[in-house]
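Residues per chain are reported as follows:
Number of protein chains: 2
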Amino acid sequence: MPVYKAPVSDTLFLLTDVFDFQRYSNLPRFADAPIDVVEAVLTEGGKFAEEVLQPLNLSGDKEGCERRSDGSVVTPTGFKQAYKAYVDGGWVGLAGATEYGGQGLPHFLSVALSEYTIAANQAFAMYPGLTNGATAALMVHADDAIKARYLPKMTTGEWTGTMNLTEPHCGTDLGLIKTRATRNEDGSFAISGQKIFISAGDHDLADNIIHLVLARIEGAPAGVKGISLFVAPKVLVNDDGSLGAPNTLGCGSIEHKMGIHGNATCVMNYDGAKGWLVGEENRGLNAMFVMMNGARLGVAVQGVAQSEVAYQNAAAYAKDRLQGRSLSGAKAPEKSADPIIVHPDVRRMLLEIRSFNEAARALMLWVALSEDEALESPDTAARQAADDRIGLLTPVIKGVFTDVGFANCVKAQQVLGGHGYIAEWGMEQFVRDARIAMIYEGANGIQALDLVGRKLPKDGGRAITAFFGEVSGFLNENKEDAALAPYLAPVKTALGQLQQATMWLMQNGMKNPDNAGAASTDYMHLFGLVALGFMWARIAKAVLARQAAGTSNEALDSKLWLARFFNARMLPEGGAHLQRIASGAETLMALSAAAF
Amino acid sequence: MPVYKAPVSDTLFLLTDVFDFQRYSNLPRFADAPIDVVEAVLTEGGKFAEEVLQPLNLSGDKEGCERRSDGSVVTPTGFKQAYKAYVDGGWVGLAGATEYGGQGLPHFLSVALSEYTIAANQAFAMYPGLTNGATAALMVHADDAIKARYLPKMTTGEWTGTMNLTEPHCGTDLGLIKTRATRNEDGSFAISGQKIFISAGDHDLADNIIHLVLARIEGAPAGVKGISLFVAPKVLVNDDGSLGAPNTLGCGSIEHKMGIHGNATCVMNYDGAKGWLVGEENRGLNAMFVMMNGARLGVAVQGVAQSEVAYQNAAAYAKDRLQGRSLSGAKAPEKSADPIIVHPDVRRMLLEIRSFNEAARALMLWVALSEDEALESPDTAARQAADDRIGLLTPVIKGVFTDVGFANCVKAQQVLGGHGYIAEWGMEQFVRDARIAMIYEGANGIQALDLVGRKLPKDGGRAITAFFGEVSGFLNENKEDAALAPYLAPVKTALGQLQQATMWLMQNGMKNPDNAGAASTDYMHLFGLVALGFMWARIAKAVLARQAAGTSNEALDSKLWLARFFNARMLPEGGAHLQRIASGAETLMALSAAAF
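Chains as they are written, first to last, in my numbering: chain R, 1 to 596; chain V, 1001 to 1596.
Derived by calculation from the structure, the hints in this document are not laboratory data.
Among the clues, some could well be false.
[Stated by the list, open to error] Subject to a maximum C-alpha distance of 30 Å in a straight line, what follows is the list of computed DSS-like cross-link-like pairs (lysine-lysine):
1) V:K1458 x R:K331
2) V:K1147 x V:K1062
3) V:K1274 x R:K458
4) V:K1458 x R:K178
5) V:K1147 x V:K1274
6) R:K62 x V:K1062
7) V:K1178 x V:K1147
8) V:K1511 x R:K319
9) R:K47 x R:K5
10) V:K1225 x R:K319
11) V:K1274 x V:K1319
12) R:K511 x V:K1335
13) R:K511 x V:K1147
14) V:K1331 x R:K225
15) V:K1319 x V:K1005
16) R:K331 x V:K1178
17) V:K1080 x V:K1178
18) R:K178 x V:K1511
19) R:K47 x R:K458
20) V:K1492 x R:K335
21) V:K1225 x V:K1274
22) V:K1147 x R:K331
23) V:K1331 x R:K331
24) V:K1047 x V:K1080
25) R:K147 x R:K225
26) V:K1062 x R:K80
27) R:K335 x V:K1178
28) V:K1492 x R:K319
29) R:K62 x V:K1080
30) R:K331 x R:K5
31) V:K1331 x R:K178
32) V:K1331 x R:K511
33) V:K1511 x R:K225
34) V:K1479 x R:K335
35) V:K1147 x R:K225
[To be verified] Footprint (simulated), chain R over chain V, 3 or more residues, beta carbon under 8 Å:
36) 1486 to 1495
37) 1567 to 1573
[What the hints assert, rightly or not] Just a few of them, taken from the derived set where beta-carbon distance is under 8 Å, the chain R residues facing chain V:
38) L58
39) C170
40) P344
It should be emphasised that the depicted structure is a prediction, and the values quoted were computed from it without experimental measurement.
C-beta: ideal position from N, C-alpha, C; glycine also.
Isolated chain R, as found in the complex (with noise of 0.2 Å):
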């Protein structure tokens, strides 16, 4: 059985000695969560994942969810039991707005603590991910009616959301949408069309389920500027907010999938359902985005949360299985062979994983306390540097961690040899379950086209200039640090790298835009490397200050040669990709479409 330890003091580490968190004290949802709250929040968050989820992901998998003949859908065994307690422990409604009975608190708390509970069981984690997502749509684009009748129960996670956006024949051309509203006497609309791939689109955790589906108005132009966002609820509520007679939609079949399946992935079909329109008319993509942005952040997060509980699995098994000898001599000679972590390259393995977690977590940590800037600032420029930094680094995130997220448990499963293959050890679970990520909201080639595409040229290049400021800012400030010196070069090498191929990017993307399409991968991974780098350095310097100190200890410590192992091994990767970039796109354009 799979192992989960919620990495509580890491967490706490990255806050309190890299991100300085009394620096945000000023943002008036820092006025509840001091630091000693914050790791009450996360000690209990991370118990809580570790001893209610976490038992509940192999058993999860094995059972899956099944859609019964009446067209109901049931989660595995325990998931109702789980689910009710994480509602009553108000975990749903952590970041929630008070005024509908959240609990108001920082937004990055939310996202720290869903690293543990994704890591515990991302089947699960789900329901309320996408739950959170909804509610933040509302809370934006629906109407004062619309809030009162939905919010105050979506907020607590009583009742759950879903998004409806993908159908048969599109998903990331959503201007292809062709499930119609036609305009109800009382305001309404009535919603048909059939939409696939909807997560949670159904299951028995909550007594409704609130759905955003996107839909085209009858008469709306054509393509993407005739979408809008309409709010369906499975079970119509009455005025009183009590419920009142199903909603003529429901689940057609569960996808047969390769993983999560201890989430309802739902053929969702409209007939004629209810539907209230949100927001503007033909402006749905717009609302949708503010969902969607959110959730890409989540999905990047389940990238660290599938590599951190990998790792934690297969760095127990490497210390446990006695196999063959060091290649130095036996290092336990009083037993009949050495374990496995003697061995070079499963520390590799192992370190590869690990090196990119930490930072990982880090990088996540960053972008998410962002977040309660740009959103709580009482400074203007503070919180368009940290809406440029949201926007920059949500497609990195997003497709880089989810790649190396999902590499990382491939990795993790490798250390355990055939027993990784087997199910009952559940490394290929993990395998399984992270290969999503790097499809669902916007597959990752879709992020890296963002990247180079919309958030590198918006507003002239500002998010992207301020990010190299930043960077070099760093090195440049503590280029006298003797001890610093050897965590600060090779990421100003792999700085230049990205510097270049951003200059590449400028002089031949515009040009030929075929130019850029064809760097967007490889640029994004540069991009991550640097900014994953650039975390290191972070953490190197917040290390040997606390060893200046005289309050480190040797799990700090370690973290020294975790920089020193990023930096040696993974950021060479920098020169391939600028290489790849620099090569242009003939060699990928010149074969005709019949020849592939």
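Chain R is already provided as a structure; the job is to place chain V on it using the hints.
Frame of chain R, contents of chain V only:
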């Protein structure tokens, strides 16, 4: 439903134009296999794979194997009939010894064909694959009585074979084996113990299953020098060849695993089972190596095969799926959207796969042809050179082909977006099936160690010296060819990196073996890049020759672009490998085991 088309013309082009098939005509087995016979065999075998095996792949995965309460094991619907047809067609014994009923055709032909059967249905292809391996081991090591008893029916495939090495506490480190053999009075042995992860351990495809089992004879020395090899049939065979009583061995359970569900991976219990010694006492590992080397080549083929079938399905989808518009303006304005093959990043994924597949197929055939040379060449030096090449390249192709083959299945899955995650499209099965090839027959980390620790230093570096000579010889011979020049320069760079890495290993691996271990996986992949780049250089030369002769065609011409793509996009990784290798073992070994 996924599709598959055996790439017969690509295989033939490699044989005739790249490897100068004629030059093998001096080998006895090639006397009955002129190129038109080869073509006929590949065409027929390809058809069998496409029409009989591929349609059972998805259903076989879904249904899996079942162990009935009486201990018997049933394969998925259709496997039994397909296997009978496969045996009746003479496919199992294609390269089998004629004295035991085989067809005595060249070994390379069996390898070339196995790519097709594995691509069509890996789980199925493992049954005859393991049988061929067991047959080979008995051919080399068993005495005449054992050969006469088992080989006729194993050669034709009427009976199947297995290899029983792994036990719950040991896989890589076979010195820890506990299964014991005690002498019976009649000269046979009574074998007792438990083996796990036994592919094709039990099933309903054949009347008998011949197990090769590693065990320790009572009183044998500890460690690998006390391991002997035994043959233990599922059903005892009478002296007249008829089947007698069942042996006291059987499948205790079928493992629940990530993929290859159509192949029964069994826990095998031996309860005083009757077995006979194969080869010398305590020399079992040597005997098993015959089987393992062949098996490692077979597993390498799995990497190429899964990558190929995944490519074919991803390419078909990319040409069919309408979504979005080309970055450089609509390419199919008459349709609602362009096919996604217009997007550079989609092409990148497809070309990364395809540019591997074609070169890997070439490398696989080169090694396979070397097997025939090593066995049959009248020239001692040629036999030795071929044998050296096989020894050197076996860990490279096992490790690299299966790592890259798996990664390619993941990329191909990504091309399908959400559909790639859904079982009915078949892509996620390719990923799950391909995953095992990185693990079994020696996990890829072991292949890398075998390469740097055994194969490089062996015979004073004779094999690696010869390999370098072959590649640089080709580059030198062709350096005046202006048309070929652009295809050679990047390979020369990569070769230089591999030579530098080899030098680094010689200088640093001796004094600290952890340096060799820390470098091993990167070295193996750098080696793979050079070997694949060498294949592309040879393919490019062959295509240019056809163009000069006016006998090229569009399919051949397109290979020049694949070569350019490989050089521009895949070879740059070589520099990153070299940097990582040269960073040494320190950042891997510094942390204490407890810090993981």
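Hints and how they fare:
no.	hint	in the structure
1	V:K1458 x R:K331	holds, 27 Å
2	V:K1147 x V:K1062	violated, 38 Å
3	V:K1274 x R:K458	violated, 75 Å
4	V:K1458 x R:K178	violated, 66 Å
5	V:K1147 x V:K1274	holds, 17 Å
6	R:K62 x V:K1062	holds, 14 Å
7	V:K1178 x V:K1147	holds, 27 Å
8	V:K1511 x R:K319	holds, 26 Å
9	R:K47 x R:K5	holds, 8 Å
10	V:K1225 x R:K319	holds, 27 Å
11	V:K1274 x V:K1319	violated, 57 Å
12	R:K511 x V:K1335	holds, 26 Å
13	R:K511 x V:K1147	violated, 70 Å
14	V:K1331 x R:K225	holds, 21 Å
15	V:K1319 x V:K1005	holds, 16 Å
16	R:K331 x V:K1178	holds, 22 Å
17	V:K1080 x V:K1178	violated, 34 Å
18	R:K178 x V:K1511	violated, 68 Å
19	R:K47 x R:K458	violated, 42 Å
20	V:K1492 x R:K335	violated, 48 Å
21	V:K1225 x V:K1274	holds, 22 Å
22	V:K1147 x R:K331	violated, 44 Å
23	V:K1331 x R:K331	violated, 63 Å
24	V:K1047 x V:K1080	holds, 18 Å
25	R:K147 x R:K225	holds, 25 Å
26	V:K1062 x R:K80	holds, 28 Å
27	R:K335 x V:K1178	holds, 15 Å
28	V:K1492 x R:K319	violated, 42 Å
29	R:K62 x V:K1080	holds, 28 Å
30	R:K331 x R:K5	holds, 28 Å
31	V:K1331 x R:K178	holds, 22 Å
32	V:K1331 x R:K511	holds, 18 Å
33	V:K1511 x R:K225	violated, 68 Å
34	V:K1479 x R:K335	violated, 57 Å
35	V:K1147 x R:K225	violated, 75 Å
36	1486 to 1495	violated (count 0)
37	1567 to 1573	holds (count 4)
38	L58	violated, 11 Å
39	C170	holds, 6 Å
40	P344	holds, 4 Å
Hint check: violations occur at hints 2, 3, 4, 11, 13, 17, 18, 19, 20, 22, 23, 28, 33, 34, 35, 36, 38; the rest are consistent with the structure.
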